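Once you know that position 109 of the sequence shown is 129 in this note's numbering, the rest is easy, because the numbers rise by one and skip nothing.
Source of the hints: derived by calculation from the structure; they are not laboratory data. Every value quoted in this text rests on a predicted model; they were computed, and no experiment measured them. Every residue gets a Cβ at the ideal spot worked out from N, C-alpha and C, and that includes glycine. One thing to keep in mind: the hints can contain errors.
[Claimed, not checked] Computed beta-carbon distance windows for the label pairs: (1) 90 - 193: 30 to 38 Å; (2) 201 - 118: 18 to 26 Å; (3) 56 - 31: 21 to 29 Å; (4) 119 - 71: 29 to 37 Å; (5) 201 - 140: 17 to 25 Å; (6) 160 - 194: 15 to 23 Å; (7) 212 - 31: 22 to 30 Å; (8) 31 - 142: 14 to 22 Å; (9) 203 - 35: 15 to 23 Å; (10) 101 - 201: 16 to 24 Å; (11) 54 - 119: 18 to 26 Å; (12) 122 - 25: 23 to 31 Å.
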Amino acid sequence: MNVAKLVITDESKSETAQTAYAVSRAILEADWEKLDSLLDKNFTYTGDSYHFSKDEYIAFMQDMRGAFSNFEMTLENNITENDFVSIRFTSRVVNTGSFMGSPANKKSLAVTGIFQRKVVNGKVIQEWQTTDLLGIMNQIGFGATFGYAVFVTGFKVQQKPLKRKPNNFLHINGKVSNFDVLSAKEKNSYIKNYLKQLK
Numbered sequence: 021m022n023v024a025k026l027v028i029t030d031e032s033k034s035e036t037a038q039t040a041y042a043v044s045r046a047i048l049e050a051d052w053e054k055l056d057s058l059l060d061k062n063f064t065y066t067g068d069s070y071h072f073s074k075d076e077y078i079a080f081m082q083d084m085r086g087a088f089s090n091f092e093m094t095l096e097n098n099i100t101e102n103d104f105v106s107i108r109f110t111s112r113v114v115n116t117g118s119f120m121g122s123p124a125n126k127k128s129l130a131v132t133g134i135f136q137r138k139v140v141n142g143k144v145i146q147e148w149q150t151t152d153l154l155g156i157m158n159q160i161g162f163g164a165t166f167g168y169a170v171f172v173t174g175f176k177v178q179q180k181p182l183k184r185k186p187n188n189f190l191h192i193n194g195k196v197s198n199f200d201v202l203s204a205k206e207k208n209s210y211i212k213n214y215l216k217q218l219k
């Protein structure tokens, strides 16, 4: 069974760290209602040249969760100080769906990076993230990534704006685990049909 998994190797018991962990857990569990409740209404995200509002962040995470299978995220080290928690992470995934306009490549990837979340009154108000993009490009194959980037920038392809989906996105019969066990083809078909119904 290919259910998403969160591993915390250096767990802090502080309320700030536990809130930061809960955000990652909600994303992996596709618990969009829980994620919404953990983020302040004025939440902002800055990372890898993206700037998102709360709804854009949730939409981005929904798209990411739908595009990658066999998701395992390890929170390896954390430093918590006052309202801030910084965490080094590794996510192991298989790219089975299109993501941010880039087609699926069906490759296994190890994505590493660091994020910092600011927590005030039990809610995350800001997140900053940096990801090892060069490492990802090496795993995907630089030629394919470079060719895609040239196509997108050279032909001025517009990325679709991020649009948040309802809280039941990726839940089949009420469970995300039913989505997780689908084949890549079945997942892509489910997402396509789900989005078609929203129109």
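- Task: Identify every previously stated hint that the structure contradicts and give their numbers, smallest first.
- Result: Of the numbered hints given earlier, those the structure breaks are 1, 4, 5, 6, 7, 9 and 10, listed in rising order.
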